[in-house]
Amino acid sequence: MSKILEIALGIVTSIGGFLDVGAIATAAEAGSTFGFHLIWAILLGTICVIFLVEMSGRLAAVSKHTLAAAVRERLGFNFFVIPLLAEIAVDFLVLAAEIGGDCIALQLITGISFQWWALPVAFAIWLLIWKGNFSIIENGVSLLGLITLVFVFATFKLHPSLTELGADLLPTLPKKDTAHYLFIAVSILGALISPYLFYFYSSGAVEDKWDEGHIGVNRAVASLGMGFGSIVSLGVLIVSALLLNPKGIQVDSYEQAALMLTQPFGYWGFVLFAASLGIACFGAALEVTLDTAYIVAQALGWNWGENLKQKDAARFSLVYTVFVFLASLLMVFGIDPLQLTLFSMALTALILPPVIVPFLVLMNDESYVGKHRNGWISNSVVIFTIALTFVLAIVAIPLEIIGG
Amino acid sequence: MQWIRIGSSLLCFSLLTACSGQSSADKLTKELDSVKSWTATAHMVGDAWIKGTVPEAYAKETLSKTQEELQKETETLKLADSAPGHSQILEQLKQLKDTVAQMSKAVEQKDQQAMNQQIQQLSSQEQTISTLFKQQAGGHE
Amino acid sequence: MDLIRDVLDNQIVDRNQRNMGKVDGIVMELRDREPPRLAYIEVGMPTLARRLHPRLQRWVAALQSKWGAKHSRCRSRSNASARLRKMGSRAYHWKDSRSRVKTIPQCLLPTPPSGTGAPSPYFLLHNRGLGYYRYWCSHTNLMK
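Chains as they are written, first to last, in this note's numbering: chain A, 1 to 404; chain B, 1 to 141; chain C, 1 to 144.
It should be emphasised that the hints constitute simulated quantities derived from the structure, not laboratory data. Model, not experiment: these values are computed from the prediction. Some clues are possibly wrong.
To be verified - Here are the simulated lysine-lysine pairs, PhoX-like style, with alpha carbons at most 25 Å apart: (1) A:K176 to B:K27; (2) A:K175 to B:K94; (3) A:K247 to B:K51; (4) B:K60 to B:K134; (5) B:K60 to A:K247; (6) B:K36 to B:K105; (7) B:K134 to B:K51; (8) B:K30 to B:K105; (9) B:K51 to A:K157.
Please build the complete structure, drawing on both the sequences and the hints.
Next up, the structure:
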């Protein structure tokens, strides 16, 4: 019974925690500009992330190593320094974007400029990590994130044509604005296949003291949780496509995206959009902040753990404290949150290859995963994802310049 | 060292392809899309404010942002090649900006009637500018 | 034991199973007509930097000498510092009740044979760059 409850909680928190500023921004822009034509990117990204998250959980449960620690041990520091530094840089930008999303949500409700909210939001993130424990952060905030299901309800209320939706499941290039289309596709994939998800998930599995008995839980949480979570992302795209695209509105700022839910739900739609954006970004900001501290501490062998007292993990605590403060400065200086989000998602796509390649080595290494090695399906998906990420990495910068 | 050379070659190649440039017609279409997008945003915000589905602070902020974006488009188009009809587009953009400013004033004064009038004016100006852009784009092809 | 696979980049823990760094470097002792043996493990940022590039190591070492932990002599060691016990002719075991990383004082390190003209088997030992932390590991528990 407790296993069933654990699975249920894991699925629910995965759904609630799936959406973040990257998913909202990219899905809203995709729907408003290209209608349903980028649904395939969300589905493709979801399939990849389900497999990768499941593998990082399995690695942690069987080997009791987090992904970062295992990569350094197995592949050496000379290799690991590349994904480590890349991940720290991308985490910095993504965290700034998440804080920006929170600030915009507060600006929408209060009318006070987002720049004023940056430091209070950063302080709130820091305070929750400092005072809270892993359970509160993982479960509490993610349960609040279920508010993002409002996009799914809006989708049902608007009755999209299933024929049209089905027709756009396969990728087709548009007649005009091809570069922008491909840039958004790359950004969607970067937003969904986020490295911080895998590192955070494996660290969480070790914090929760998962063992081989949790392999089933891990599989259910990864597949069902991420799968249902992607429905929320699809909801954002569909609502944006149905309401903003016909009017010719292309989402270039969050102020435009905020109009999405006003038609189906009136004034409460506006409030729910702001609440969804705020809570989703807050939860993701907590994860990204912790993720950075996790990977630095695990890379250098320091004591780490959200459940430890600060004096027992001083350097770990110092890293997240400094990191969240520095990231908030980008918003204090007034950098546009939506443009930063799209840029950081494209950059995420750039760094994916060195992050994904170790999966192929670790998940087939008996000394780490024992008899729970990858089967041919998982290995095929990893190889496909590696190939995909190499393509994304090559085209990300040119597309950012031409179509960004 | 070899990896650094390969990586920098790929980067140079990527940048070269990135700098391939767009045609004038494509650029104009892009600017038109941006103008239409922000004009439609102002229209939707005006309608939502009248219905009471968005707060006043948000309406003012968004209309202000619309004015900024229209100003940016004006600056961009001023730098573009001048051709017959170009000055008409700039004039129409200025009128659009003024209409959005009037909408913002209507929100401040809580005048729904004035807002309705400005929204109607916005719609007709949007159609005019769309026609002008298409003529301009057709001339560049 | 495969030193690269099983020692290098592995986690070091203290007696209370608390993390205290990773094995960042390995120092091998070369012996005449005998196979080399593991003499020391190294922990510290300069060691990591050296693995990437020697120039980076110099920069990191310079930074650490300015802002990092300093050497302390065995005579002036405080109560909370590491206590070192000699356990055999050339093996040392370290014990630190607060699991703090400390350097081995120079007075406890062996000196190379002088006047022989032969290259020292402990070539890194004589590189006294500040910030190196070295542990004699013959009887130390290295891995979990």
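Do the hints match the structure? See the list:
Between A:K176 and B:K27 the CA atoms are separated by roughly 12 Å; this keeps the pair inside 25 Å, and the hint holds. Between A:K175 and B:K94 the CA atoms are separated by roughly 31 Å; this puts the pair beyond 25 Å, and the hint is violated. The suggested pairing of A:K247 with B:K51 holds, with an alpha-carbon distance near 18 Å, which does not exceed 25 Å. The hinted pair formed by B:K60 and B:K134 fails the criterion: a straight-line CA distance of about 31 Å is larger than 25 Å.
Between B:K60 and A:K247 the alpha-carbon distance is near 20 Å, which keeps this suggested pair within the 25 Å criterion. In summary, the hint linking B:K36 to B:K105 is supported, as the alpha carbons are separated by about 21 Å, within the 25 Å threshold. Taking the CA atoms of B:K134 and B:K51, the gap is about 33 Å. The hint is violated against a cut of 25 Å. A C-alpha spacing of about 29 Å is found between B:K30 and B:K105, which places the hinted pair above 25 Å, so the restraint is violated.
Pair hint B:K51 plus A:K157 holds up; C-alpha atoms about 20 Å apart against a cutoff of 25 Å.
Checked against the numbered hints given earlier, the structure breaks hints 2, 4, 7, 8 and satisfies all the rest.
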